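J.: Using the sequences and the hints, build the whole thing.
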Amino acid sequence: MNFASKPIAKRPLALLLLLSIFTVNHALADQLSIDSRDFIPFFGDQIYGESSAGNLVCVGGNGGKLFIAQVPLPPTPAQLDIRQLAIWGGDVSSTDASAQLERFCQNEFAPSTPIRTIISNVSSSGSGGNYFDAAALSFRVNDQQTCVYMVVVQLGLDGCSDSTLSVARVRVRYDVVQPPVADPIFKNGFEN
Amino acid sequence: MKKHFLLTRLSKHANFSLLLMAMALGTYSSCVSAEKAPLRVPLTPTEALNLGLDPGHDGMLFRVIQNSDGPISSSISKGQTLNYSVSAKEQRGVNSEVFLQDTADGRWCAVGSTGFFADIALNLPSASALTSMRIWGFDVSSSDLTVSLIERCTPNNQAGGVITSVIAGLTSAGNAGNFSQIIPIVANNTIDNDACTYTLRTRFSTLGDGFVCAGTSLRLQKIRFSYAP
Numbered sequence: 041m042n043f044a045s046k047p048i049a050k051r052p053l054a055l056l057l058l059l060s061i062f063t064v065n066h067a068l069a070d071q072l073s074i075d076s077r078d079f080i081p082f083f084g085d086q087i088y089g090e091s092s093a094g095n096l097v098c099v100g101g102n103g104g105k106l107f108i109a110q111v112p113l114p115p116t117p118a119q120l121d122i123r124q125l126a127i128w129g130g131d132v133s134s135t136d137a138s139a140q141l142e143r144f145c146q147n148e149f150a151p152s153t154p155i156r157t158i159i160s161n162v163s164s165s166g167s168g169g170n171y172f173d174a175a176a177l178s179f180r181v182n183d184q185q186t187c188v189y190m191v192v193v194q195l196g197l198d199g200c201s202d203s204t205l206s207v208a209r210v211r212v213r214y215d216v217v218q219p220p221v222a223d224p225i226f227k228n229g230f231e232n
Numbered sequence: 141m142k143k144h145f146l147l148t149r150l151s152k153h154a155n156f157s158l159l160l161m162a163m164a165l166g167t168y169s170s171c172v173s174a175e176k177a178p179l180r181v182p183l184t185p186t187e188a189l190n191l192g193l194d195p196g197h198d199g200m201l202f203r204v205i206q207n208s209d210g211p212i213s214s215s216i217s218k219g220q221t222l223n224y225s226v227s228a229k230e231q232r233g234v235n236s237e238v239f240l241q242d243t244a245d246g247r248w249c250a251v252g253s254t255g256f257f258a259d260i261a262l263n264l265p266s267a268s269a270l271t272s273m274r275i276w277g278f279d280v281s282s283s284d285l286t287v288s289l290i291e292r293c294t295p296n297n298q299a300g301g302v303i304t305s306v307i308a309g310l311t312s313a314g315n316a317g318n319f320s321q322i323i324p325i326v327a328n329n330t331i332d333n334d335a336c337t338y339t340l341r342t343r344f345s346t347l348g349d350g351f352v353c354a355g356t357s358l359r360l361q362k363i364r365f366s367y368a369p
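Heads up: the protein sequence lines correspond to chains H and A, in order. Per the numbering used here, numbering through the first sequence is continuous, rising by one, with the last residue being 232. Per the numbering used here, numbering through the second sequence is continuous, rising by one, with the last residue being 369.
The hints are simulated quantities; they were obtained by calculation from the structure and are not laboratory data. Some hints here could point you the wrong way.
[What the hints assert, rightly or not] Anything over 10 Å on all C-beta distances counts as not near chain A; from chain H, calculated:
1) Asp70
2) Leu72
3) Pro117
4) Ile122
5) Ser134
6) Phe144
7) Ser152
8) Thr157
9) Ser163
10) Tyr171
11) Leu197
[Said to hold, decoys possible] What follows is a list of derived Cβ distance ranges for each label pair:
12) H:Ala175 with A:Gln321: 37 to 45 Å
13) A:Ala327 with H:Pro112: 38 to 46 Å
14) A:Ala316 with H:Val216: 16 to 24 Å
15) H:Val188 with A:Ala244: 36 to 44 Å
16) H:Arg156 with A:Pro195: 24 to 32 Å
Quantities reported herein were computed from a predicted structural model and do not represent experimental measurements. Here a beta-carbon is modelled for each residue, glycine too, at the ideal position from N, C-alpha and C.
T.: Structure, rendered in structure tokens:
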């Protein structure tokens with residue numbers, strides 16, 4: 041018997057395999073990088089500047105140490121799965137730098153207090169110079185019409201650490217989740 | 141049998157032709173890639189200072205040579221391109237000593253600022269290819285403003301120094317009022333959001349001048365990029 045010549049419709053396993061390929065959610069990997077020059081001071085009177093590498097540093101031991109930038113994720117109706125938060129910078133300080141991915145949500149039409157969700161956090165460690173840290177995560181984003189996504193950078197735990205601690209960039213990797221390709225068609229075909 | 145012989149001969153000829161075509165394509169592609177190879181040169185200390193970069197960050201600062209000798213219209217891709225416009229109001233001072241002000245007529249650096257650089261972070265689509273940068277502004281000053289597209293890259297998934305490259309730059313000329321200028325971008329023009337970031341740095345004074353801001357007579361209004369998705 042020539043197996044190859046057998047119609048695929050008469051081979052249930054092959055048919056199931058084919059259907060599973062068609063009905064699986066296809067994801068497109070993408071990413072965005074937020075440069076240190078995109079971060080703005082949390083408070084208006086904060087003193088900040090650049091390190092010799094062009095990274096963001098805070099200035100003044102008792103000055104503000106928090107900086108914030110919006111994460112420009114693709115808008116609705118795109119559904120995303122955030123896969124990684126990563127940070128680069130310089131650290132020759134006794135304290136560390138960190139970046140926190142946060143979400144602020146409000147009602148779509150009614151007034152409401154923003155609800156803050158901390159999604160992930162990465163930080164420098166030690167004081168060896170250039171640093172990199174990354175956190176793997178799986179966080180579904182399908183609420184861009186009601187939520188904004190931000191990264192908050194903190195330069196030092198207690199106070200501003202001057203140019204010994206800097207942030208070069210923060211990267212958010214995500215998968216763009218596309219709707220099932222042929223699921224409704226095949227489902228209707230079987231149900232009917 | 142004869143038919144088979146002819147087919148074999150034909151197949152051999154076809155293989156040979158394919159080989160020749162592959163060789164020709166290989167030669168052509170190597171020529172093209174040699175022609176389009178991005179040329180980066182290190183920034184001189186003066187160039188670095190004029191961009192507000194630390195010349196002490198030696199070995200990590202570069203300038204991309206763009207082929208802008210020919211007519212601009214012929215350098216810009218004729219295929220499908222999209223536009224990405226950024227308002228100068230997006231600017232943030234390079235440090236807290238830069239005092240920016242703006243009206244509908246543009247954004248400027250106030251006289252008295254001890255810093256005179258401002259940045260805009262760009263959010264360009266991954267893998268798109270930039271083809272040109274155009275700026276709009278207002279210049280009735282004896283000084284000029286310079287807008288530079290800057291790429292900053294780190295090793296992809298490990299710690300490492302930031303490599304800074306100036307991809308393109310435009311300087312306002314004259315002092316006739318409103319102006320618009322364009323530069324084609326043909327080298328090092330593919331956006332890599334995985335390893336790099338892209339920012340626009342504006343210097344609100346003439347290169348080589350002292351630490352002054354030109355004030356309201358020198359304003360930036362808008363920047364537009366054309367790119368192939």
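J.: All hints, please: hold or fail.
T.: Hints, one by one, checked against the model:
no.: 1; hint: Asp70; in the structure: violated (6 Å)
no.: 2; hint: Leu72; in the structure: violated (5 Å)
no.: 3; hint: Pro117; in the structure: holds (18 Å)
no.: 4; hint: Ile122; in the structure: holds (14 Å)
no.: 5; hint: Ser134; in the structure: holds (18 Å)
no.: 6; hint: Phe144; in the structure: holds (19 Å)
no.: 7; hint: Ser152; in the structure: holds (28 Å)
no.: 8; hint: Thr157; in the structure: holds (23 Å)
no.: 9; hint: Ser163; in the structure: holds (13 Å)
no.: 10; hint: Tyr171; in the structure: violated (5 Å)
no.: 11; hint: Leu197; in the structure: holds (20 Å)
no.: 12; hint: H:Ala175 with A:Gln321: 37 to 45 Å; in the structure: holds (43 Å)
no.: 13; hint: A:Ala327 with H:Pro112: 38 to 46 Å; in the structure: violated (26 Å)
no.: 14; hint: A:Ala316 with H:Val216: 16 to 24 Å; in the structure: violated (46 Å)
no.: 15; hint: H:Val188 with A:Ala244: 36 to 44 Å; in the structure: violated (27 Å)
no.: 16; hint: H:Arg156 with A:Pro195: 24 to 32 Å; in the structure: violated (42 Å)
The structure fails hints 1, 2, 10, 13, 14, 15, 16 (numbered hints given earlier, in ascending order).
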